[in-house]
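Asker: In order, the protein sequence lines correspond to chains A and B.
Counting in the numbering used here, the first sequence runs from 100 upward without gaps.
Counting in the numbering used here, the second sequence runs from 582 upward without gaps.
Errors might be hidden in some of the hints.
Taking CB as the label site, the calculated pair distances span [claimed, not checked]:
id, chain 1, residue 1, chain 2, residue 2, range
1, A, Glu434, B, Ala682, 20 to 26 angstroms
2, B, Glu666, A, Lys217, 46 to 52 angstroms
3, B, Thr743, A, Asn160, 29 to 35 angstroms
It should be emphasised that the hints constitute simulated quantities derived from the structure, not laboratory data.
Beta carbons: idealized from backbone N, C-alpha and C, even for Gly.
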Amino acid sequence: MMFKTTPRILTLGATALGLGLAMAVPGNAEARDFTVTSWGGNYQDAQREIYFEPYKEETGNPLLEDVWNGGVGAIRAKVEGGASDWDVVQVETEELVIGCEEGLYELLDWDELGLSGKLIPGAEHECGAGTIVWSTALAYDGDRLDEGPEGWEDFWDLEAFPGKRGLRRGPQYALEFALQADGVPVDEVYDVLATDEGVDRAFAKLDEIKDEIVWWEAGAQPLQLLAAGEVIMTTAYNGRVTGANKTDGRNFKVVFPGSLYSIDYWVILTGSPHFEQAHEFIKFASEPERQALLPNYVAYGVTHVDAAESISEEDLPDLPTAPDNLAVTAQLDTEFWVDNIERLTERFNSWIAQ
Amino acid sequence: MTVSTATALTGSDLKRRLRRAEWRGRLRAIALVVPLLLFLIFFFIVPIARMMWLSVDNSELPSTLPRFAEEIQQWDPTETPLPDESVLALFAEELRAAAEARDLAGVARRLNTEVPGFRTTIMGTARRLPDSPEGSWSETLIGINEDWAEAETWLLLRRASTTVTPYYLLASMDLRMGAEGGVEAAPRDQAIYRDIFARTFTIAVGVTLLCLLLGYPLAYKLANLPARISNLLLILVLLPFWTSLLVRTTSWIVLLQREGPINQALQGAGMIQDPLQLIYNRFGVYVAMTHILLPFMVLPLYSVMRGINPALPRAATGLGAHPFTAFRRVYLPLTTPGIGAGCLLVFILSIGYYITPALVGGANDQMVSWFIAFFTNQTVNWGMASALGSLLLVAVLIIYWLYIRLVGVERMRLG
């Protein structure tokens, strides 16, 4: 008995080790199905109805879904880990720019996609195809304020609108909006911010309302802050605001003038075994008549120029891409932020601690 | 003679068999711990070693532009304002090759960490670099971007060309390398990390003390109630312990907010006029973290207190000690293993807290882990993230070492 036990234990150990190694080695990627990863929540529910399910039905190809919360770190870990189970991911501009430089995404074949010149400016990138346009804008509760703020100067006006204000934690957006409150037109914000004096000026302006700011971190927080009366006004993502109005019967208002918009892109992760199918999917999800369905669910602008025509009159004013809104906003300058986010985040935290 | 030989033979034979049996037993023991050992090595020791290595790793530039990295070390800025033309040619050649291979991001990120905006400089230069120089390479480079005319720029590249760098570790302590060598203080705008470490330790110590203050009497009561009732009450301690951290944190948001039940009750009772700011500040962080970590204090205390003979403090009072003296001189010393274990657990857990301060704290209440997450996830600066993580690890090890020196590891009871 004794003699047999030892080898058996050794075999057991060896098997466990073998199993462990087998799991650590990149699995046979070809065996898994095509996987699309997006941001979850109501938004992905809408995507499922508009893009994912019809894609499965019409092409007969399998499609799995996953959810993520952003961050280049997550994608880098997937790609460099070698066992990525994602093929197509919806990323924000910052992740697009950094990840593309890092070689985390495949270069798109724009001839194959056949979308060149058909997307709005900025939506065509060597690594990504734009799919939605969303804004970070001023929002307030129409039930609490009859006459709401009309722009960033009102956001800074503590006498006319006493109470706390919500801003996204960190320098991004806070500096741009502060400069606007200080009289800089929205389309000149980044020219001013590129200089040291401009940064000083923005922080000096933030000083004026420093004690009245509640800093939020996750996208759902500002709406919760508004609903709970914690803040009188806040910055928020426009799609979430309209979503809360539709699902929770809120009367939140979005102030588009002076807001900053940004584009989300479809990318294909480097080494994806479903490279062709990924293109097929991106092409499918970029068809104008399909994209035009999205604003009915979530108030995001879409990227195909022809989609704008088929969006209903009712949904249009809520969209960042509505011509009236687009005229009074600017695009978030991702290049500026990728260059400066570390230093300005340090500066922001040193300012906060003063 | 023959008899003694036979005995000796049997003896050595016995010894050999005994040794073999012992060896077999030892092998079996080793085989049993091998899975755990492998687990520890692969998922604990290797990642930590890698993290510590990343905090000094400077291989981005040497691995992407290897020959240039070697050559630029020879350059002496006191002799020539710019590196030699041959070095510049090498730079141009390797830079272009790296850009074509989409291999420049690491270098760009590394340089941008030190000089914001340098990412654009080097990426832009790589894109516009011609195959052959227009005039000399120095003229060509300066024609693309005037930064290349500055000795500062090439000094930056030279600093990035060594295999290891103290940059990240220094930056995590608000220090940097001076222009003439030597270490100097970082500019005020960037000198935030000492404050953040101090803040992290203050919050961790505060939460630990609050947990002790609340947990000690509770554990005492639990330990001295009849088992039937104390088991029931213990479930009330464990129930939140089993609830998701996120749920407990968000519940505190609901309770503490401006129009939440606590403010409404205080206003209704006429105790305050305007609602108090109970959340999105340090107060909210203390409340939520103390609540979440309290079970880690109560459980070790409870287990130690259960083992204390209730006759001991009673004997002390019987011998004429004031109840407080009996507590201080008899009961309290007997509970120190529980206090030590509980405090250590709560302190070490709270030092790495991230989600709770992020949700209920203000901008000035974020702890080190928030910055680690920022560098890992958002800017992919693993050097800074690892440096902050390594410092935190060292700090915890020092505290643990102090604890063992002061209290002793054998005096710790974890439950």
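Asker: Does each hint fit the structure? Answer for all of them.
Answerer: Hints, one by one, checked against the model:
no., hint, verdict
1, A:Glu434 with B:Ala682: 20 to 26 angstroms, "holds (22 angstroms)"
2, B:Glu666 with A:Lys217: 46 to 52 angstroms, "holds (48 angstroms)"
3, B:Thr743 with A:Asn160: 29 to 35 angstroms, "violated (50 angstroms)"
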